[in-house]
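**Q** As given, the protein sequences belong to chains A and B, one line each in that order. The opening residue of the first sequence carries number 1 in UniProt numbering; numbering runs sequentially from there. The opening residue of the second sequence carries number 1 in UniProt numbering; numbering runs sequentially from there.
Possibly wrong hints are sitting among the right ones.
Said to hold, decoys possible - With the C-beta cut set under 7 Å, the calculated list includes, among others, these residues of chain A facing chain B:
#1 62
#2 112
#3 149
#4 158
#5 159
#6 164
#7 206
#8 208
#9 211
Quick caveat, the hints were computed from the structure, so don't treat them as lab data. C-beta atoms are modelled at their ideal positions from N, C-alpha and C, and glycine is treated no differently.
2 protein chains.
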Amino acid sequence: MVSEGHPYSPRDLHLPGYVPCSLSQSNILSVFAFFTFLLVSLTWIFSGRLPKKTKTDRLLMCWWAFTGLTHLIVEGYFVFAPEFYKDKTGFYLAEVWKEYSKGDSRYAGRDAGIVSVEGLTAVFGGPASLLAVYAIATGKSYSHILQFAISLSQLYGVGVYYITALLEGDNFAASKLYYYAYYIGANASWIVIPLIIAIRSWKYTCAAFKGQDQTKKHKVR
Amino acid sequence: MVSEGHPYSPRDLHLPGYVPCSLSQSNILSVFAFFTFLLVSLTWIFSGRLPKKTKTDRLLMCWWAFTGLTHLIVEGYFVFAPEFYKDKTGFYLAEVWKEYSKGDSRYAGRDAGIVSVEGLTAVFGGPASLLAVYAIATGKSYSHILQFAISLSQLYGVGVYYITALLEGDNFAASKLYYYAYYIGANASWIVIPLIIAIRSWKYTCAAFKGQDQTKKHKVR
Numbered sequence: 001m002v003s004e005g006h007p008y009s010p011r012d013l014h015l016p017g018y019v020p021c022s023l024s025q026s027n028i029l030s031v032f033a034f035f036t037f038l039l040v041s042l043t044w045i046f047s048g049r050l051p052k053k054t055k056t057d058r059l060l061m062c063w064w065a066f067t068g069l070t071h072l073i074v075e076g077y078f079v080f081a082p083e084f085y086k087d088k089t090g091f092y093l094a095e096v097w098k099e100y101s102k103g104d105s106r107y108a109g110r111d112a113g114i115v116s117v118e119g120l121t122a123v124f125g126g127p128a129s130l131l132a133v134y135a136i137a138t139g140k141s142y143s144h145i146l147q148f149a150i151s152l153s154q155l156y157g158v159g160v161y162y163i164t165a166l167l168e169g170d171n172f173a174a175s176k177l178y179y180y181a182y183y184i185g186a187n188a189s190w191i192v193i194p195l196i197i198a199i200r201s202w203k204y205t206c207a208a209f210k211g212q213d214q215t216k217k218h219k220v221r
Numbered sequence: 001m002v003s004e005g006h007p008y009s010p011r012d013l014h015l016p017g018y019v020p021c022s023l024s025q026s027n028i029l030s031v032f033a034f035f036t037f038l039l040v041s042l043t044w045i046f047s048g049r050l051p052k053k054t055k056t057d058r059l060l061m062c063w064w065a066f067t068g069l070t071h072l073i074v075e076g077y078f079v080f081a082p083e084f085y086k087d088k089t090g091f092y093l094a095e096v097w098k099e100y101s102k103g104d105s106r107y108a109g110r111d112a113g114i115v116s117v118e119g120l121t122a123v124f125g126g127p128a129s130l131l132a133v134y135a136i137a138t139g140k141s142y143s144h145i146l147q148f149a150i151s152l153s154q155l156y157g158v159g160v161y162y163i164t165a166l167l168e169g170d171n172f173a174a175s176k177l178y179y180y181a182y183y184i185g186a187n188a189s190w191i192v193i194p195l196i197i198a199i200r201s202w203k204y205t206c207a208a209f210k211g212q213d214q215t216k217k218h219k220v221r
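Modelling step: build the complete structure from the supplied sequences, incorporating the hints.
**A** In structure tokens, the structure reads:
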């Protein structure tokens, strides 16, 4: 599998100075799972102390906290660390992207489309997601349009992500396993969940406008 | 300026079978301007016959009709005609893209990022924009969230468009003139107008939710 000294596909991808992963796959994934579990638990417990929050509100707060910190920290690191694949220190975030690149070598290869989408996601999506946690917690009137905006951006990003890969030959995974586990599996949440949230917020927004129209009609009468 | 038989930058861009523009620049632009003028005039006149439409509503209908047909016809042609630069028939839409490629050769060069963004724009943005004309005309409750969705997608698309160009060296214009006239100038409307519409629809949506909250409070009392 090794060519040019790296495990990625296509084998002729040029990555001078590549340093292999020093953490194991299970190590990388379990650290991610642990922090996700911790964050979601804390958000769930904290949100339970807020008045008048439904379970759906609390689940949404967990999602926005999780996706927000993933965008900011994990994806933010990728955007501003173009040479992560040369990292010798075993720094966790570099290890994450060395590992994920087995599912999509365009990360290590610094594909412009990937960096653009990840840049927009990290810089706008990250802070906006954390703002969504606050907006739900405090019942802001912009809560739905904000959640809709981020979800739609996530869907657009995933769209560009997959379409560019298909157009460029879809040969960026080191094996079928990595293709399905990382390239498809790890991204699936960012298709399914934003789609559900976007549809939900769309419906609530329509209902708010319908309510407004009816109030106007009542006033006219 | 000519190398590899084409007028585009970078000069080593490989475009076998390239056929030069047969229409002049003024010819191409005046046809576009004529159809735009016709469409906007017709939309303006037609919308004037609808009851209770403000001038802003009517201007928005003109914009959505214009941007919708541009997405569907002009950008739709690009997405599904990968070999437009070989066109020998002088077909207008092929001429448009041969000419525009002087401002951004990634169109002729079939850059994957460009095709992805244009594909999403043509397939989703085009029909959605025409739906926005209908939604404004008939005062649908989804009018604002739809306009917001399309505007945000347009902004995201323009973001990917410029960021990928910057990351890849920003050397895709045949001259400074084409850079500013086509690459910057022709796209400027799709930054300024979506930004204005997105902010406007965001505000209306917040107002609708605020109104809903107040109605609830009144009911509780």
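**Q** Each hint needs a verdict: does it hold in this structure or not?
**A** Now for the hints, and whether the structure bears them out:
1. 62: Constraint on residue 62 of chain A not satisfied, violated at 22 Å.
2. 112: 4 Å, holds
3. 149: Nearest chain B Cβ about 6 Å off; hint holds.
4. 158: At about 11 Å, which exceeds the 7 Å cut-off, the nearest Cβ of chain B leaves the hint on residue 158 of chain A violated.
5. 159: Holds - the Cβ of residue 159 of chain A comes within 7 Å of chain B, reaching about 5 Å at its closest.
6. 164: With Cβ-Cβ at 4 Å, under 7 Å, it holds.
7. 206: 4 Å, holds
8. 208: Result: holds, 4 Å to nearest chain B Cβ.
9. 211: For residue 211 of chain A, the interface hint holds, since the closest Cβ of chain B sits about 5 Å away, which is under 7 Å.
Consistency with the previously given hints fails for numbers 1 and 4, ordered from lowest to highest.
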